[in-house]
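Protein chains: 2
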Amino acid sequence: MPQTQHVEKHFTSSAMVRDIVIGMADGLTVPFALAAGLSGAVDSTRVVITAGLAEIAAGSIAMGLGGYLAARTDAEHYASERAREVRETIEIPEEERREVAELFEGYGLSRALSKQAADDMSKDKRRWIDFMMRFELGLEEPDPRRARTSALTIALSYVAGGLVPLAPYFVFRTMGGALRASIAVTLLALLVFGYIKGRFTVKRPFRSAWQTAVVGGIAAAAAFAIAKLIA
Amino acid sequence: MPQTQHVEKHFTSSAMVRDIVIGMADGLTVPFALAAGLSGAVDSTRVVITAGLAEIAAGSIAMGLGGYLAARTDAEHYASERAREVRETIEIPEEERREVAELFEGYGLSRALSKQAADDMSKDKRRWIDFMMRFELGLEEPDPRRARTSALTIALSYVAGGLVPLAPYFVFRTMGGALRASIAVTLLALLVFGYIKGRFTVKRPFRSAWQTAVVGGIAAAAAFAIAKLIA
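For the record, the sequence lines run as chains A and B.
With my numbering, you'll find the first sequence wraps up at 231, consecutive numbering, no jumps.
With my numbering, you'll find the second sequence wraps up at 1231, consecutive numbering, no jumps.
Just so you know, the hints here were simulated from the structure itself, not pulled from any lab data.
Don't take every hint at face value.
Within a straight-line C-alpha distance of at most 16 Å, the following computed EDC-like cross-link-like pairs (lysine to aspartate or glutamate) qualify [said to hold, decoys possible]:
(1) K1203(B) / D43(A)
(2) K1125(B) / D1074(B)
(3) K1203(B) / E81(A)
(4) K1125(B) / E1099(B)
(5) K1125(B) / E1085(B)
(6) K1115(B) / E91(A)
(7) K123(A) / E1094(B)
(8) K123(A) / E95(A)
(9) K125(A) / E99(A)
(10) K1123(B) / E105(A)
(11) K203(A) / D1074(B)
(12) K125(A) / E1105(B)
(13) K1123(B) / E1094(B)
(14) K1115(B) / E1140(B)
(15) K1115(B) / E1091(B)
(16) K1125(B) / E1094(B)
(17) K228(A) / D43(A)
(18) K115(A) / D1120(B)
(19) K1203(B) / E76(A)
(20) K203(A) / E1076(B)
(21) K203(A) / E1081(B)
(22) K1125(B) / E105(A)
From a predicted model like this one, the values you see are computed outputs, not experimental measurements.
Between the sequences and the hints, there should be enough to build the whole structure, so can you do that?
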C-alpha cells in the first residue's frame, strides 16, 4: 500500500517503547508497594529483600512469558481468520464481494461505484483478502519474530524497574531508613518514567509524570495499610 | 456501516471477558509465585499472608488504575488524531483526498475509480474522517465509559485470582501443608482458567490449559529458588 510522507508523521510509539513502558510501569509500582507494605509489618530488611526479589522473579516471568504466549495466540488467531477468509473467497465469492461493496456504500459511495470497486479488488485475490482482514475484521498481521523480543523486553524492563525500590533495602540497616529512601528514589523514578512515557504518547509529559507517581503512591499506601492491619 | 450477518460470526471476545482474563491471569500467577517463594524462605505463614495480601492490594491497584489511565490516554490520543484529520480536511483537502485514492489504488483499483471513490466519499465530511481514522490510521473510537468498568473488572479479577493461592495459608498451620495445598488448588485453578480462556480465544482449550499452568509453575519455581538462595 502506498505510504505518503504526511501519514507517517502521525506519531505511533514503536512496539519496543511500548514493551518497555508495560514492563517498567508494573516493575516500578508493584515491588515498590510490596516492599513498602512489608516494611510496616516485618522487622527485617532481609524479609523485604527476599519477598521483593521473589516478586520480581514471579512478576517478570508472568508478564514476559504471558506476553509471549499472548503474541503467539494473536498470530494463530490471525492465521485462522485469514484461512477462513481464503476459504470464503472460494466457496462464497459473491457474498464476500457484496460485503466489500457494502463497506464502501457505508462510507457514502454510490451503489454502482461500490460494486465496481469490490469487483476490481477481487481480481487480485491476495489484495482482496488483505483488504478484508485489515478493514472488515480490523486485524493486522502480527510479526512472528516480535513475540520473543517483546517477552524479553517486558521481562527485563520489569526487573530493571523492580530493582529501583528494592536497592535501598540492600544499603540501609534500619527499616525506617530503607523505607524512606525507597519512597524517595521510587517516586523520583516514577516521575521521570511518567514524564518520558508522557512525551512518547499524549505529549502531556508533566501530567503523565504526576499521574504515574500517584498510581505508585496509592498502590504502596494500600499495601502498607493492609500489611499493617494484619501484622 | 452496514453489518452483514456473516461478519458477526467471526469470534471476537468481548471487552469484559478480556479484562477478566488480564486481571485473573496475573492474579493467579504472581501472588501464587510470591507465596510459594516465601514459603521456602520464612518460618511463619503469617508473613506469607501479609506479603500476599500486600501484593494483591498493590497489584490490583497498579493494574486497575494503570488500565484506567491507559484507557483515558487512548481516548485522548484518538481525539487529538481526529482533530488533526478534521483540520487537514479543511487546510489540505486535496492532499487528504489523494491519500484515500492512493489507499484504494494500493488494493488494485484503477486510478480513475480510486479518484472517483475518494471524491465521492469526501462529500460527506463526517464519513470521510471516519474512514481515514479507521482505515488510514487504524484507530477505533474508544468507548469513554469503558475506562472505569475496565479498571474495576481488572482489579477485582486480580483480587479474586490472588485469593486462591493464599487461601490455604489461612487454613493450614504448617508451612509445608499450606504450600502443598496452595500448589494444588492454584494449579487446578490455572488449568480451569486456561481451559476457559482457550475456549474464548483460539479454541484450543487443552493447550491453553497446560500452557497457563506451566507459566504459573515456572514463575513460582523461580520465585522459590531465588527466595531460597537468599534466606
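Point to revise | Hints breached by this structure | key: Per hint list: 1, 2, 6, 7, 14 and 15 violated.
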